[in-house]
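J.: Sequence order for the protein chains is A and B.
Note that my numbering has the first sequence beginning at 1, numbered continuously upward.
Note that my numbering has the second sequence beginning at 1001, numbered continuously upward.
Treat the hints with caution; some may be incorrect.
Partner residues are not named here, just some residues of chain A that face chain B (Cβ under 8 Å, in silico) [unchecked claim]: (1) Y13; (2) P83; (3) I84; (4) D85; (5) N87; (6) G99; (7) A101; (8) Q103; (9) S125; (10) K219; (11) I220; (12) D223; (13) V288; (14) H289; (15) L293; (16) L294.
The hints are simulated quantities; they were obtained by calculation from the structure and are not laboratory data.
The C-beta atom is built at its ideal place from N, Cα and C for all residues, glycine as well.
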Amino acid sequence: MRDRVVYQLSAPYREPYTLRALEFGSGGPTVAIVAGLHGNELNGVHALNLVASALRMARLNGTVTLIPVVNTFGLDQGTKRWPIDDNDINQAFPGDPQGSAVQRIAFALLEATQAEVCVDVHSGSPLVDEICQARVPLTGREVGLARAMGLPMVWRREGDRLEATGLVGAWRERGVAALHVVGGRGATLDLARSRQIADGLLRLLTEVGVLRFGMEPGKILVDATRRGVAYHYSSFGGFWVPEVAVGDRVAAGHLLGTINEVVGGSLVEEVRADRAGVVVTMRSYPVVHARELLVRVAEPT
Amino acid sequence: MPTGDAVHIVRRRFVGAPGPRVAIVAGIRGDTPEGVRVAHKVASLLEQHHDALRGTVDIYPCVNPLAAHRGERYWPFFSQDLNRCFPGRLEGHAPDRVAYTLTEEVRDAAQVIELRGANPAFSEAPQAHVRARDTQAADLARHANVNVVWARQPGPAAGSTFAWQHPNTLVLEGGTGNRLQPKVGVALTEGVLNVLNVLGVLPDAILPFHWATITRPLMVGDDRVHRVRAVAGGLFLPSRGVWDEVEAGDVIGEIIEATAGEPIETIRAPASGRILAMREQPVVLPGSMLARVVVTATQESA
């Protein structure tokens, strides 16, 4: 393993910002995996360190570049964005070597991840719990790679709103097979989900031929497009009390949770599943406003 | 709201004789009270003189009240930048719906004016932003009592900003985020009133200033605005102020090492002109923007 400093930026009051990459093996095929673009999304950081442990003991046929945390300053302070100017590194791509700090980091990261297959690992927001999932375009090589990961959900979807300036979008602009992996919730470490993401990444490395592990295939619960995912929103503000959890199977009409008055607790609204499926997203922070996303239920495979 | 109370986004409507409709929007970000103050000042004058109005003026003094309540830039909870939510979605969560409603509200306006303050890290001279090649907006901006009219090429996020949703939108800004600067507030207030006068909405007689006092702005494109960035990280100490005249190579500040205080970088003006923006927040990293210098001489006269 080579522990390489990809980029450094001097900083007042502390040691320089340092972007580190862990590199394993040599030659092709090449895979780059990134986590911690957002400083408060920790499951991916742990997952990549688990992958690094496995790769230290493996014989590789190709090259794997792991960057477990990009936004180290944000991670130190528990913030999603780059803390000094409150900018989102994941909105600074393709970056600029002469630009602001986040633009320079974005540029250096893109240069350091020139691989055939790239993965960017995130958690959900600190307010929302997400099933482990690989988000990919509707068609193309990424779909097969996502299925090979065997995470509980493969979500084939059109580009996100931020993709033009995000890392995954920047990779796709370069013609790279790029996967966007999401699992768990921000500002927490979920050991089981981190393990699940790590296993998925090892399966991906096996699929592209870098590893020759004989791993058990993962169990895909949902393989859906946007049409196969039902969004349930709050009609009113109040105190959200969930009745189900991420990964639960529910029937149509099943009670997903209730909104209650903050003072007194009287029932304001019952939220029920509009279709049978698997709970893939759950609002975990209980204080909600009207029309906020509470639960996503996806049709099972 | 979850606790059962409500937050209102207020529209103040002033209707006069038949004429054009103008929409004035402020406070899209919660750390820009200067724009909110200007909106209130304009509304106050219209209230006194609504009989003299020709047309309709709709003023939205603060469209991100939850963020303004905290003095923060973004809509709380999901920390959403409202100025990246446009044109919005009726079925979305609160910031998406606010964006959608506002987009629909201004759709049939003859003219839209967005009032901003500056980013809290900077002090800015009063300025108008218009889209590059939008000559109608640029011509109108000449009357906005600003130092500079900057015709800007759109960035990658332009399509999701409020100003992009309506053609010819004028964006007026100046001062410092989360601060009120009396001179900037007066300049922008008089600028909005003068624009209303040029549009035929307000008669000369009720303007609380003489037209001859209106600043004649520099008209510039991106090529005449130079960004000055830090090479070293440390504490930036400016030695010049906003709208100071500078020659290329003049010292405009220095960066000192943050713990020992030793000077580590001298910051110089990259071109001759005026300081359009100066950094107020001293902590900088390599690449942090320190100042903007606008070239005052045209190519012909330089």
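J.: Does each hint fit the structure? Answer for all of them.
T.: Evaluation of the provided hints:
1. Y13: holds (5 Å)
2. P83: Violated, about 10 Å.
3. I84: holds (6 Å)
4. D85: holds (7 Å)
5. N87: violated (11 Å)
6. G99: holds (6 Å)
7. A101: holds (4 Å)
8. Q103: Nearest chain B Cβ about 7 Å off; hint holds.
9. S125: OK, holds: A/S125 within 8 Å of chain B, min 6 Å.
10. K219: Check failed: Cβ of A/K219 comes no nearer than 31 Å to chain B, outside 8 Å.
11. I220: Because about 29 Å separates A/I220 from the closest Cβ in chain B, which is outside the 8 Å limit, the hint is violated.
12. D223: violated (26 Å)
13. V288: With Cβ-Cβ at 6 Å, under 8 Å, it holds.
14. H289: Check passed: Cβ of A/H289 comes within 5 Å of chain B, closer than 8 Å.
15. L293: holds (7 Å)
16. L294: violated (11 Å)
Violated hints, listed in ascending order, are 2, 5, 10, 11, 12, 16; each of the other numbered hints is respected by the structure.
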